[in-house]
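Number of protein chains: 4
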Amino acid sequence: MALKIFVVGGTFDKEYNLITGELYFEETHVNEMLKLARSTVRVDIRTLMMVDSTTITDEDREIILHNCKKTSEDRILITHGTDTMVKTATLLAEHIKNKTIVLTGAMIPYTFGSSDGLFNLGSALAFVQVLAPGVHIAMNGRVFSWDNVQKNRKTGFFEEIEKEL
Amino acid sequence: MALKIFVVGGTFDKEYNLITGELYFEETHVNEMLKLARSTVRVDIRTLMMVDSTTITDEDREIILHNCKKTSEDRILITHGTDTMVKTATLLAEHIKNKTIVLTGAMIPYTFGSSDGLFNLGSALAFVQVLAPGVHIAMNGRVFSWDNVQKNRKTGFFEEIEKEL
Amino acid sequence: MALKIFVVGGTFDKEYNLITGELYFEETHVNEMLKLARSTVRVDIRTLMMVDSTTITDEDREIILHNCKKTSEDRILITHGTDTMVKTATLLAEHIKNKTIVLTGAMIPYTFGSSDGLFNLGSALAFVQVLAPGVHIAMNGRVFSWDNVQKNRKTGFFEEIEKEL
Amino acid sequence: MALKIFVVGGTFDKEYNLITGELYFEETHVNEMLKLARSTVRVDIRTLMMVDSTTITDEDREIILHNCKKTSEDRILITHGTDTMVKTATLLAEHIKNKTIVLTGAMIPYTFGSSDGLFNLGSALAFVQVLAPGVHIAMNGRVFSWDNVQKNRKTGFFEEIEKEL
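Top line first, the protein sequences correspond to chains A, B, C and D.
According to the working numbering, the residues represented by the first sequence are 132 to 296, in order.
According to the working numbering, the residues represented by the second sequence are 132 to 296, in order.
According to the working numbering, the residues represented by the third sequence are 132 to 296, in order.
According to the working numbering, the residues represented by the fourth sequence are 132 to 296, in order.
Incorrect hints may appear among the rest.
Since copy identity is lost for identical chains, a pair holds within one copy or between any two.
To be verified - Listed below are the simulated DSS-like cross-link pairs for lysine-lysine, each with C-alpha atoms no more than 27 Å apart in a straight line: (1) Lys200 <-> Lys285; (2) Lys285 <-> Lys230; (3) Lys228 <-> Lys285; (4) Lys166 <-> Lys282; (5) Lys166 <-> Lys228; (6) Lys230 <-> Lys166; (7) Lys285 <-> Lys201; (8) Lys230 <-> Lys200; (9) Lys285 <-> Lys166; (10) Lys282 <-> Lys230.
Derived by calculation from the structure, the hints in this document are not laboratory data.
Remember, predicted model here, so these are calculated numbers, not experimental data.
Construct all of the structure, not just a fragment, from the sequences and the given hints.
What follows is the structure in structure tokens.
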């Protein structure tokens, strides 16, 4: 099975600058995480960019879309900041119909000894291997369709959009 | 969706006894792991036993089978030692046809700061939510059918059984 | 031996707010750290304040001085932010001559799985038990006298002040 | 200040073999620990042996003694298994009078995410820099003279030998 991982950044991959006390990006930790997790899934990893979810531009999203389109793999996992994950998923869903795409991320940087990044990577990798074509978001152990999910800004959890009757 | 987690023990849940230098069991860490992972999947967790995979008896396996049968949930995740995981999966597969059962475990105790336990829990929880009825093993980021998997004793990785032509 | 620990905050005790991505204070981790470290040193711990080193005021420093004076213990360990640690040490040294006071801190929060906080706590606790009366700073495994130490803002390491000839 | 670290093994440096479930030795972690701890103490580290404290022989102890004698540094830190730490300290005390020697160790391997190893290293490094010549044991945040300390086998804590009146 051909499987691609595109790294886009997000809290998932942030580092702590001990001089300034600020968060920043160096290299992605996805390879290291998969190794420590003893994953034997064959994946091809590409870092498209290392950006904060709140600063992703429309141009950035076009780059993600372009790469998802042109890659030969039909199963794609994207690690992405959580704040605009749904927006990127929406663009991908509008233009790509024949691939299984799963976006995931984390609320706590992996380098802070967080647990949600590694757990989310495990669940996203599972979902992307078995789900039918479509664009999905894997967060908090669950999978959501791109058109029925939102991040609750108060709790930081992803949830379905409540439908009005 | 109704989802059950049965805890059977295994390396996953082992502790280090700092007086004797030996590994042993206390309580399961599954609840704590799901909380740290920020999982919002609704699960009902029951500890059936806390045993080393190499010491599981046929009676123990009957207890696991009995509980899988009688529980009302039709999606069941089992944390189990890796050495006899396939043997337990085989018994379950012979007697249960209408439920989705996923067994998982770890090569390194969660309390040792391992990465494979949390990652495997994430992937197993994903697989059990979406796979069709049947008995599966989720290890190393992959999912295997109970009748085509073995643990490689030298490497500790799970792999398909090589079929002779 | 009577030993007091005064908690003043600093990076040592910072937490990560996963909703805002900012660092903040909750309770101190000193008790928990000493327990995990299996310390059997008898200490009495008091949290004076939980403040960022850069925001400590002269009034705050007076509170620290007042508490160091009035406490019955003659050996005092202070966990303090690194940026103004020397300034606080200077005030204490000017007013207290008959007690052994050791200030320490960390460059990475303990909750980020840092190593310097726990290591510094171990070395500071050692120094405060055996050094003669005076005010000292314990950082980077070393001990410095209050009047011959500065934090190098570029590297984050503490070092002696270079004396001109 | 000239400071030597001799590595002798012990729980401090043990690894977990995920295939056999047993503990074993690879390389020491002392260098890595000092780096993560941001220590700037100048040390020269030598691994004399990597052995379990219970299997140390009289010949092994002679090697430790020989190296402590011949090294030019007069301040020596030894990482050693806890079970026979006092026995080695006794031999060293009988033959070396003019050097400051501090032995330390851990109850939980550093690779298990333990806290006592790093904390003990911090306190031992502090004690060895400031104590007068003699042989000392640094465990549980405290320092003991070689001739008034024992490991409590039930609790794993080091304590003074109770003197009879």
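A quick look at each hint next to the structure:
Taking CA atoms no more than 27 Å apart as the test, Lys200 paired with Lys285 passes in neither setting, with 34 Å inside one copy and 40 Å between copies. Proximity of Lys285 and Lys230 under a CA criterion of 27 Å is satisfied in neither setting, with 32 Å inside one chain copy and 37 Å between copies. For the identical chains of this complex, Lys228 and Lys285 are neighbours neither inside a copy (32 Å) nor across copies (42 Å), given an alpha-carbon limit of 27 Å. Taking the shortest alpha-carbon separations for Lys166 and Lys282, only the inter-copy value of 18 Å comes in at or below 27 Å, while the best intra-copy value is 29 Å.
Neither within a single protomer nor between protomers do Lys166 and Lys228 lie at most 27 Å apart by alpha-carbon distance, with minima of 31 Å and 35 Å respectively. Proximity of Lys230 to Lys166 under the C-alpha cut-off of 27 Å is restricted to the intra-copy arrangement: shortest distance 26 Å within a copy versus 32 Å between copies. In the homo-oligomer, the alpha carbons of Lys285 and Lys201 never lie at most 27 Å apart, since the shortest distance is 37 Å inside one protomer and 40 Å across protomers. In this assembly of identical chains, the alpha carbons of Lys230 and Lys200 lie at most 27 Å apart only when taken from the same copy (9 Å versus 37 Å across copies).
For the homomeric pair Lys285 and Lys166, the shortest alpha-carbon distance between copies (18 Å) is at most 27 Å, but the shortest distance inside one copy (34 Å) is not. With identical chains, the CA atoms of Lys282 and Lys230 are at most 27 Å apart within one copy only, with a shortest distance of 24 Å there and 32 Å across copies.
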